[in-house]
Structure formats: C-alpha cells, structure tokens
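Undergrad: Below, each chain spelled out in residue letters.
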Amino acid sequence: MSTFTGFLRTRADDDLVALLRGRPDLAAPSPTTMSSLAVRATSRGSLERALASVDAGVLQVVEAVVALGGATRDRLRTAIADDETGFALVDASADRAVALALLFDSADSPDPLRAAPGVAELLGPYPAGLAPASSHDPDVAVVDELPAAPAGVQPVLDALTWGPPVGLAPSHSTATAAAVEWMLRRGLLVRGEGRHVILPRTVALALRGGRTHRSAALPPAPTFPTRAAATVAAESADAGERLVRLVTRLARTWERSPAGVLRSGGLGVRELRRLTAELEVDERTAALVVELAASAGLVADDGEEAPSFVPTVSFDEWSGQPLEQRWLTLARTWTATTRTPWLVGGRDDSGTVRSALGPDVARSWAPRLRRSVLSTLADLPGLAAPDESTVMELLAWRTPRAVPPASAVSAVLAEAAAVGALGAGALSAAGRALLEAPDDGPDPAAAALAADVPAAVDEMLLQGDLTGIVPGRPSDELEDLLDRAARVESRGGAVTVRFTAESVRAAFDAGATADGLLADLTRFSLTPVPQALEYLVRDAARRHGQLRAGAASSYLRSDDPALLAGLVDDPRLAGLGLFALAPTVLVAQAPTRELVDTLRAHGLAPAAETPDGHVLHLAREVRRAGRRGRGSAGRREVATPTTDADVAAVIRRLRAPEPAPGSAGSSSGGRERANREPDGPLDPTPDDLSEHGTDDPGDALLVLREAVADKANVWVDLVGPTGRPERRLLRPLRVDGGRLRAADVQRESELTVAVHRIASVRRVRPVTDEESA
Amino acid sequence: MTNGPLIVQSDKTLLLEVDHDQAEACRRAIAPFAELERAPEHVHTYRLTPLGLWNARAAGHDAEQVVDVLLEYSRYPVPHALLVDVADTMSRYGRLQLIKDPVHGLVLHSLDPAVLAEVTRSKRTAGLLGERLDDTDVIVHPSERGHLKQVLLKLGWPAEDLAGYVDGEAHAIALDQDGWSMRPYQQQAVDGFWHGGSGVVVLPCGAGKTIVGAGAMAKSSTTTLILVTNTVSARQWRDELVKRTSLTEDEIGEYSGARKEIRPVTIATYQVLTTRRKGVYSHLELLDARDWGLVVYDEVHLLPAPIFRMTADLQARRRLGLTATLVREDGREDEVFSLIGPKRFDAPWKDIEAQGYIAPADCVEVRLTLPDRDRMLYATAEPEDKYRLAATAPGKNRVVEQLVAQHPDDQVLVIGQYLDQLHELADHLQADLITGETTVHERQRLFDAFRAGEIHKLVVSKVANFSIDLPEASVAIQVSGSFGSRQEEAQRLGRIMRPKGDGRTAHFYTVVARDTVDQEFAAHRQRFLAEQGYAYSIVDAEDLAGA
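The listed protein sequences correspond, in order, to chains V and L. Numbering-wise, the working numbering puts 275 at position 275 of the first sequence, and it's gapless, one number per residue. Numbering-wise, the working numbering puts 302 at position 302 of the second sequence, and it's gapless, one number per residue.
The set of hints was computed from the structure by calculation and includes no laboratory data. Please read all numbers here as calculations on a predicted model, not as lab measurements. Idealized CB from N, CA, C, for every residue including glycine. There could be a bad hint or two in this list.
To be verified - Derived list of chain V stretches under chain L, where covered just means 3 residues or more per stretch with a C-beta under 8 Å from a C-beta of chain L: (1) 223-230; (2) 490-498; (3) 531-538; (4) 592-605.
Unchecked claim - Partial chain V-side listing against chain L, Cβ under 10 Å, derived: (5) A385; (6) P454; (7) L526.
Claimed, not checked - Each pair of labels, with its calculated beta carbon distance range: (8) V:E436 to L:H524: 53 to 59 Å; (9) V:L262 to L:V84: 57 to 63 Å; (10) L:Q65 to V:D480: 57 to 63 Å; (11) V:A582 to L:D543: 45 to 51 Å; (12) L:V84 to V:L146: 41 to 47 Å; (13) L:E24 to V:E477: 32 to 38 Å.
Using the sequences provided together with the hints, build the complete structure.
TA: Written out as structure tokens, the structure is:
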C-alpha cells in the first residue's frame with residue numbers, strides 16, 4: 001500500500017512546484033531529499049501553517065477525511081454536500097487539499113483519499129464532531145430502536161449528533177437522566193470519563209445520514225458597493241504621494257532636531273505628539289509613518305551615547321528617486337514588515353504604554369494578515385469597497401483556523417488606505433500589483449502607481465491675497481519652490497499655498513534672492529505676479545540680513561582705534577584670526593586664553609574682561625546614521641524561493657538520486673521477514689524510508705507518523721536511560737509534543753517515550769485488520 | 001474626468017477657476033450650499049460647512065443635487081469620503097421637525113424614532129421637552145422653542161421649524177414705489193424670506209438692505225419691531241421708511257437712549273435693549289409691548305449675545321435678519337442659524353457690483369517710512385503703546401493732504417481711530433469733524449451737508465462705521481483702525497460702495513507706517529480686501545509726492 005512518501009514521489013514536477021508554492025515553508029531552506037521533504041511536510045509546525053492557510057471548504061474536506069478515516073471522492077461528496085454546487089466545491093477543495101499534501105491519494109486502498117500523517121492530531125479529539133472509532137462501537141442497527149425511545153432522548157440526540165459528541169449526564173433523576181440511562185443501556189451512548197457520556201461515531205453517523213457535515217461550506221456571497229475607477233486611482237495615488245511626503249517630512253524634521261531614543265528602545269509619547277503636530281496628521285498615521293520609515297531603513301537609531309533617531313544615508317538615496325520608486329520602497333516594506341503600528345499608544349499586559357519603534361510593536365503574523373486582506377479584496381469582482389465586517393466575514397471563510405482579530409483587520413484596512421493600496425476603500429491597481437511577488441524586472445506596483453498619479457503641473461495662479469494655486473499635482477521643481485517660499489494651506493486635486501513674510505524669509509534663509517525668487521514665481525505663474533506679492537518679497541528681502549550674526553571665540557575692545565587697526569594688520573597675529581567689527585571692537589577666532597597669551601607675548605598688555613566671553617556657534621547640524629537593513633521580515637522574504645524558476649531548481653535537486661548513507665547490509669530481505677526481528681543494526685535504505693527504515697531522527701518521525709496512520713508495526717531502537725540500546729516491536733499510536741505513544745506488540749503493554757531517545761526506526765509489513773483482531 | 005472649473009479638495013474647500021467657461025454656471029450651482037470664503041482675481045475658494053449644507057437643505061436642495069453638482073463640475077475625481085460626508089450631514093437636517101399639533105400644541109416630531117430617542121436622552125434637552133406622546137412625537141414647552149433649536153443644532157440634529165408664527169397685530173403697510181422700484185434681487189430676497197418663514201438675507205453693503213426690510217414689512221402688513229445698531233442708523237431707517245412706504249412719521253417710533261416711543265413700527269437700538277439696571281434688562285417689556293408680527297434684525301453679524309437670549313423667546317414671531325456677511329468675529333454663526341433662521345437669500349458682492357448697483361472700488365495701501373527719530377521712539381515704546389504710536393505717526397497728515405489734493409472733485413471721507421489725530425487732521429484739511437462727542441443733531445446736519453455736496457471733506461471717527469449712508473462718498477482715507485478687524489473693513493468699504501451717479505470708481509486708501517504693527521494690521525486688511533476680490537495695490541508715500 002502506498003505511503004505518504006510514496007505519494008510525494010509519484011507527484012509530477014508541476015504538482016511539486018504547486019506544493020512548494022502553496023507551502024513556502026517547505027522550500028526554505030531547500031529540502032535535499034524527497035524523504036526530508038516528506039518529513040518536513042508532516043511536521044506539526046508545517047501542517048499547522050498549512051491548515052491555517054486553507055479556506056473553510058478545504059478544511060471541511062480534510063476534517064471529513066480524518067473523521068471517516070479515509071474516503072473515496074464520491075463518499076466525500078455525499079458526506080458533505082447535497083447539490084451540484086456543493087459537489088463541485090468538495091471536489092475542488094479535495095484537489096486543493098491534495099495539492100497541499102494535506103490529503104493524499106493512495107491508489108491501492110479502498111478509501112484512496114487519506115489524511116497526511118500528523119493532520120489528525122491537529123484537528124482535535126472530535127474531527128467533524130464525531131467520536132473516535134472504537135472497537136466497542138455499537139452496530140448501526142441500534143438506531144432502529146429510537147422510534148420507541150422515551151421523551152427525553154431526542155433533545156440529548158439533538159445536542160450530541162452534530163458534535164461535540166460528549167455530554168455531561170445529569171446527576172439528578174430528571175427525565176433527561178432517565179433518557180441517558182435508557183440510551184446507555186441500548187448502547188446509543190457509552191460512558192466516558194466521570195459523568196461524561198459519548199455518542200458513538202456509528203450512531204452519530206447513522207443519525208446524520210452518513211454525513212460528516214450538515215452542508216458544504218460555500219464561500220460567503222456578500223454585497224458591497226463598488227467605486228468608479230477614476231476615484232480609486234485618484235485616491236490611491238493621492239494617498240501614496242502623501243505617504244512619501246510624510247516620510248520625507250519626518251526625515252527633514254529629524255535631521256534638524258533628532259528625536260531621542262527611549263531606554264527601552266522606542267520613541268517617546270511626547271516625541272510622537274510633536275510629530276503629529278509637525279506632520280499635521282493624527283497619532284496613528286504618525287506611528288505608521290515612523291514605523292515604515294524605520295523598517296525601510298530611512299531613519300534609524302544613530303547609536304550615539306545619548307541615542308537619537310536620525311535619517312540614514314539610505315534616505316538621501318531614496319529621496320533622489322522618482323516618486324513611484326520612493327513609494328514602492330515604502331509599500332513593499334509595508335507588506336513585508338512585522339511591525340504593527342496600530343498597537344502604538346496602547347498598553348501591554350503589564351500596563352506599559354507601547355511606544356512607536358519600541359520592541360513590543362511587532363507581530364510575526366502581520367505580513368500574512370496584510371497579504372490576506374489585500375487578496376481578499378483582490379478576489380472580489382470589480383472595484384469592490386466592502387466594509388470592515390464584510391472583509392471579516394470573507395477572512396473567516398478564507399482562513400477559518402486563523403481568523404484575525406477585528407481590530408487588526410480594521411487597522412490593516414486603514415493602513416492600506418494610507419499606503420495607497422486602497423483608493424476610496426477599493427483595491428487600486430498599485431495595491432493589486434503589491435500582491436505579486438517582486439522579481440528582477442521593474443516592479444509592476446511602481447508602474448501601476450505611476451500610471452495613476454496625475455501628470456505633474458508646472459504652473460500656478462498667483463493672486464492678490466498672497467495665495468497661489470497649483471491646479472493639479474505640482475512638478476518636483478515647483479513643489480520645491482513652494483516648499484521653500486510658501487506655506488501649504490490645502491492639498492488634494494490642487495495645492496493652495498500662501499505666501500507670508502515668514503515663508504518668504506525662510507526662502508531667503510535658504511539662500512534665495514529677491515530677484516531669483518521673483519523670477520521663479522514669474523516663470524511658473526500663468527498670470528503676472530501680483531503687485532502685493534512682489535511687494536512682499538521685496539519687503540522681506542529689504543529686511544533680510546539687517547541683523548548680521550557670525551561666530552567668534554573672543555573679542556578685543558579698546559578706546560584707541562589706531563591700536564586695534566594695528567593689530568588687524570600685524571602679520572605675526574594672523575593666527576588669531578582677528579577681524580574688525582567696528583573701529584573699537586575686534587573679534588578673534590582664537591579663544592580668550594590664547595588671544596591674551598599671544599598678545600602678551602608680543603609685548604601688549606591686554607586684560608581679560610569676563611571669564612566666559614563665548615559666542616555660540618549656531619551652524620545647523622545635519623546628522624546621519626550608517627546604513628541599516630530593512631528589518632528582519634524583509635530578509636526572510638528574500639530567502640524563500642519565490643519565482644517558478646527557483647522552485648523548479650529545488651525540485652531538480654529533489655529528483656537527484658539520494659546518497660546512500662550506509663551501504664553495508666541490505667534490507668532486501670526485510671520485506672519478507674514480517675514481524676521478525678531483523679539482524680544487525682536497523683539499516684535504512686535510501687530509496688524508501690517508509691518501506692524500510694531510518695536512523696535519521698527527522699525521518700524517524702515521518703516513519704512513525706505514517707505507521708500511526710497506517711496502524712503499522714515498526715521496529716524501534718530505543719536508547720535506555722543507561723545509554724544501552726534496546727530493540728522493540730511497537731505499534732505507534734500517536735506522535736505528539738516530542739513524544740511517541742505506542743503499543744508494545746510483544747509485551748502487550750503501552751509505552752510513551754521521548755522522541756529523542758529513538759535511535760532508529762524500521763517499518764514492518766503493515767498489519768491487516770484480521771491480524772490485529 | 002471632465003475638464004471642469006471646480007477642484008474639490010479633501011479638506012472640503014472648493015476651488016473655482018473664474019476664467020473657465022463654465023465658471024459662471026458652476027458658481028450658480030454651488031452657491032446654495034457652499035460658503036464663499038474668498039474671491040480673489042483667479043480662483044475663488046468656497047467651503048462646505050454643516051451650516052452651509054443645512055442652509056441648502058432648508059432651501060429645498062437635497063444631498064443628491066449637491067453631489068451631482070460636485071461631480072458635474074469637478075475637474076478631478078471627488079474624494080469619496082467627502083461625498084459620503086455631504087450626504088450624511090445633509091440627511092441630519094429636518095429629521096426632527098417642530099410642528100403645531102391641534103391637540104398638544106408645540107410638538108417635536110421625528111421622522112426617525114432613533115434620532116428622537118437620542119435627543120430625548122441627551123442631558124442638554126432636559127427640561128426643554130415635555131411628555132413623550134409616542135415613538136415619534138414629544139411635547140415641547142412653547143417657551144423653550146428657541147432654546148431647544150439651539151440645543152438640537154449643537155447635538156447635530158438641526159430641527160426644521162414648521163410650527164408657524166402668530167399673525168401679530170395687523171397694520172397696513174404698502175411700498176410707495178413712486179419714482180423708484182425694487183431691484184430684482186431685492187424682490188427675490190423678500191420672496192425668499194417670506195417663503196422660508198424666518199431667516200437671514202445676505203446682501204453687500206450698499207445693496208439696499210433697508211429696502212428689503214421695507215418689502216418684508218409690506219408683505220407682512222403687521223406691527224413691526226426693528227432692531228438696529230445705533231441711533232443714527234435708527235433715524236436713517238425711519239427716513240427711509242417714510243420715503244419708501246406708506247408709513248408716516250407718526251406711525252414710526254424710536255426706542256433708544258434718548259426717546260422711548262412705542263408705535264406700530266418701532267425702531268430700537270441693540271444698546272437700549274441690552275442696558276441693565278441692577279443686573280436686569282430694564283427694557284425687556286418692549287418685546288411684549290405689542291403683538292409684533294415681524295421682527296427685523298439689522299446687521300445680524302453684530303447682534304450681541306443678550307439679544308440672542310431674548311430672541312430665543314421670540315420664536316413664534318417672524319424674524320428677518322439682514323447682514324452683509326454671515327461671518328461673525330465671535331464664531332456664533334450657529335446661533336444665527338438656529339434662532340433667526342437659515343440663510344434665505346445671498347447675492348455675492350461682485351455680482352451686484354457687476355450689475356452696477358454698487359460701485360467698483362480700488363484699494364490702495366500707502367506706506368510711509370517713519371523718520372529715524374520716530375523709529376527710535378517706536379522701537380523703545382511699551383508694547384501696548386506701539387500701535388497708537390505707529391497709527392498716529394505725524395507724517396500721515398502730509399500723506400492725507402496729498403491724497404485729498406489728488407481728488408479735488410470727489411467727496412472725501414477721512415476715517416480714524418484716535419481723536420487727537422482726527423482733530424489735527426481736521427485742522428490741517430480745514431474739514432469738519434464727527435466723533436462720538438458730536439451731538440446727534442450736529443452729526444445729522446454734517447451728514448446731510450456732505451450728502452448734498454455742500455461740504456467735500458469730512459473727518460470721522462469710528463462712529464461712522466455702521467449704517468450711515470453716505471452715497472456720494474467716493475474716496476475714503478483710513479489713517480488708523482481698530483487692529484485690522486475684518487468686520488470694520490467691510491463696514492468702511494461699505495461707506496463708499498454706494499453707486500455713484502456717474503459710475504466713478506471708488507477709492508479706498510489706507511495709510512500705514514512701514515515696519516510697524518500698523519503694517520501687520522494692514523496685512524490683515526489687504527488679505528480681506530483681496531479675498532473680496534478688490535484690486536489692491538501698495539504704493540510708497542515718497543512716490544505719492546511725485547505723482
């Protein structure tokens with residue numbers, strides 16, 4: 001009879017590609033042999049991940065197969081569905097489950113569809129609400145007695161038939177207690193532990209009419225509004241552009257005045273509030289911007305003694321890129337990051353406030369959730385803009401074993417809107433492209449955003465009330481001009497700016513001249529520059545620089561201008577950096593001490609005036625930290641083979657002949673010697689573990705799991721507490737939590753042993769039902 | 001995507017490109033629901049506010065129309081959230097209605113039981129509502145009609161007042177259209193008001209608000225109480241009513257500090273109504289002295305807070321508010337909405353100007369560089385004295401002289417804040433002076449002489465700000481003001497906005513001292529005037545001398 005490994009071996013290359021695509025954890029690191037792939041595919045962690053990723057239809061099929069202990073496809077259909085739609089769903093779901101190796105076809109068995117080893121353990125004690133099969137299960141005929149049953153029986157059956165099949169028998173002499181007693185006597189119920197009673201699976205199945213599920217879990221068909229394509233494109237592009245602008249402003253803010261790092265590693269509440277004011281956004285958006293910028297490596301802890309967050313050199317590179325590339329960096333970071341900005345500001349279990357960039361704001365499932373929210377929207381027809389509860393309903397069907405909390409879903413939807421993956425609540429072209437994995441070529445997401453961003457406008461309307469209006473998206477050059485010389489009042493389809501004395505002065509501070517600024521304004525303006533604006537610029541220029549500031553370390557003053565004039569011209573004093581501010585005042589670049597000492601050395605008699613005559617150096621400091629990575633999530637993403645070519649390479653390796661670890665001794669005789677202790681060390685052969693055996697601990701687990709599934713016997717080498725090996729013939733019952741529970745066939749006892757004590761395992765010919773009876 | 005004239009921003013501002021072919025149609029379409037915020041030369045900015053949207057609802061527009069207009073004229077896709085918000089906001093008006101029930105009297109009726117449940121549970125409505133009749137109706141204490149409307153507006157569920165009005169004491173009033181006739185927009189304003197029941201008519205200064213008031217009175221033909229800002233204004237109302245209607249002087253009473261007459265038509269000042277003796281308003285009886293059929297509020301944007309409280313008790317009477325702007329410096333626009341009523345008519349300033357009913361104006365700021373001595377004085381002055389020092393800079397006198405000399409054939413008003421300065425200017429210009437100290441009689445005499453063209457120059461203090469009709473003034477020179485209030489600016493400009501017989505351009509000069517707070521206040525003024533769409537230019541006082 002074919003085993004799970006055998007099944008994998010018979011899969012076509014395309015099937016294996018589909019498997020590795022569907023369960024990427026199997027492909028990284030690349031498995032070296034087919035048996036190691038089988039081991040990995042049946043490990044608890046991998047199965048859990050796989051089960052968490054399947055929809056309610058697939059889960060139902062897997063449950064049904066486990067509950068029925070194997071089934072034909074026809075049986076499966078009738079066990080779950082009752083009309084053609086349902087049948088189609090069951091068939092498709094079964095195909096999907098086989099493709100994911102949660103079920104496998106064992107062609108030579110009467111019930112060809114079987115659950116992969118290890119799956120049953122994950123579905124709990126009562127898959128599909130059915131009690132496990134037991135040798136004490138009564139004959140189905142007992143159900144015939146039900147029409148004559150006393151009154152209390154029906155409610156008990158109603159409660160237990162569709163599971164869970166366990167109930168607590170009432171302790172008092174009620175009608176129900178009598179009914180339970182009646183049922184126990186006829187074998188319609190059996191006793192469990194304590195006062196529990198169990199509805200035997202044969203009875204339950206008979207009552208259910210042979211079904212495992214009431215009905216097929218058809219996907220929900222919610223109704224939702226749709227949006228116009230132009231609206232979606234405009235709002236998505238607008239959000240994307242805004243995000244890029246906010247990150248840029250964050251970096252510009254922090255390069256001027258870096259934000260301190262808390263001792264715990266995050267950004268303080270006050271710093272975050274300061275940012276909300278600076279960026280003119282709410283706290284949640286500010287947290288998102290900060291987290292994305294940090295995850296993208298655009299800002300980072302500078303690692304100084306008193307650390308602060310500052311832009312990195314990557315930021316400078318980033319800010320030189322075109323808009324769509326800048327957006328792409330942030331959007332890809334968003335899909336990959338494990339950071340969960342929506343938790344910022346909340347409190348953890350100990351009551352501490354979670355700070356942005358702090359250690360407590362990462363969840364490993366965040367990238368998966370973002371992906372599944374986006375793909376949920378992507379699967380809806382048209383430009384659907386479902387509300388939160390609809391998305392929740394769809395997610396609950398798509399991944400019933402991993403339903404995300406509603407708060408996280410709503411936060412991810414809000415994030416998606418802020419990033420521009422959504423526009424007016426519907427998935428935009430750029431958002432859809434984010435679902436595709438990036439490969440070496442140009443990223444389709446960037447192209448999609450670029451297509452949605454309206455063409456840049458290179459002109460504006462200047463008005464007498466000192467406002468300017470760019471009737472569209474300003475070009476980079478115009479944006480830069482407005483950034484320098486004006487204050488933005490409103491953004492959207494157009495940009496409204498206001499010129500004020502302060503904003504114009506800031507332009508002069510940054511090096512502009514009145515003529516230059518007016519020339520720029522004239523160049524971009526569709527109409528003549530209004531007289532009032534020209535006057536404002538000229539006025540600001542006139543006042544700019546009326547006060548002059550500079551740096552000096554010390555000064556000299558004297559009532560004798562001739563004396564001071566002599567000092568400035570004296571070449572011997574050139575090193576002091578003397579400079580005349582006024583006839584009676586000199587300043588020096590040298591510190592007071594040096595100034596006084598040098599003058600004295602040249603025969604003058606200066607007197608130091610004050611102990612601290614320093615002028616502060618007011619030059620602006622621009623700080624940068626070294627290059628940073630993009631966060632751990634980004635790295636992990638890279639390690640997983642993502643393109644079909646990568647996966648094909650993995651499969652080529654799998655198909656390569658496996659090396660024979662120990663060629664001494666052959667198991668060729670083992671096949672005949674059923675239930676007889678083999679001679680010598682258990683000798684695994686490379687071609688089929690399941691049929692033979694292994695001394696690789698990982699492979700041993702697979703053999704054991706398969707033996708559990710097949711009710712087969714195995715020879716096991718156990719290492720005892722003293723280190724002495726001991727060989728037993730066991731029938732494994734359960735492999736779970738690092739322990740094997742097995743029946744010792746020869747000693748007729750049960751034992752539980754830690755898996756790490758198992759040195760090797762070798763399969764014995766499967767025991768048939770007649771033999772075990 | 002159309003190539004429309006309108007850009008809808010997500011912050012609820014609407015930008016209208018005025019040079020676009022469809023700009024006029026678009027402006028007419030959005031005017032009912034969007035408030036014009038500024039109207040400079042190229043792009044006008046409108047804003048969507050809850051009050052604006054509710055005004056539109058009160059005027060019979062629904063959310064669908066508003067959304068359609070936005071979609072039709074918008075150049076770019078309209079932010080979806082904004083459309084949702086518009087529909088949401090508009091749907092809130094009128095879900096609650098105040099109606100007159102034949103059995104129970106005044107009743108708050110709801111089309112939506114949930115809303116009624118929400119407002120009846122609110123602490124703010126405690127004591128205003130009586131017995132609950134059923135799911136959709138609750139009795140309202142008649143005395144709390146106004147107060148309840150205020151509270152409901154604050155709760156975001158403005159009520160539609162359909163409870164009607166008392167008829168009031170009938171008194172025949174007719175328009176006497178001999179040699180003049182109501183302008184079309186004035187007639188529309190009267191009709192809009194009458195159709196709506198109560199509410200506010202917004203017309204620019206000089207557009208003939210008094211006539212709209214007279215028209216409403218004729219329509220009502222009942223005893224009328226008119227509330228105005230000051231005594232001079234009261235007299236102007238009286239003269240105008242005598243001239244334009246069948247009313248005689250004997251039928252019109254003045255209720256002010258000086259006189260306390262109660263006649264079928266009584267004109268009272270805000271001041272006398274808000275005078276308190278020992279903590280109580282001593283002239284409240286005026287409100288109940290007759291069974292008024294109509295109450296007219298002049299200059300609604302200046303209505304003092306106590307009048308609001310009194311108005312809350314006048315909800316059973318028809319109320320007409322007249323104003324040039326709904327913008328209040330104190331931000332109490334919502335009280336105007338709930339107590340006087342929604343906006344019933346609005347004509348943009350520039351439109352009426354374009355129709356030739358008010359004069360075009362040219363605004364010039366003259367900047368005067370202070371001599372070094374004055375600059376030093378200014379730099380070292382205490383902060384509270386700085387404005388006065390800058391505003392009363394002696395150099396201004398010469399500038400004013402030059403300006404007056406440039407307009408030998410015009411009627412010139414010189415307006416200022418500080419009496420010393422005004423006296424000095426009056427001496428310099430050999431002009432008459434009107435201040436708060438001038439008797440009402442003397443003021444009337446001077447104004448009459450000015451109107452008649454007997455005197456060409458008049459120096460006035462801020463008493464001239466409000467409601468004094470000087471139609472022939474075509475040049476105003478402002479030397480100092482009260483810290484750049486937008487309100488004051490609108491009023492002063494209004495002084496010279498009256499249409500001129502020969503269609504001349506009006507000139508509005510402001511003389512400011514360079515590099516002082518005076519200039520900062522001038523910046524506010526400049527912004528306001530430019531936003532109103534007036535040509536605004538700046539000249540140096542030195543250049544003026546050469547001109």
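Undergrad: What hint numbers does the structure not satisfy?
TA: 4, 9, 10, 11, 12
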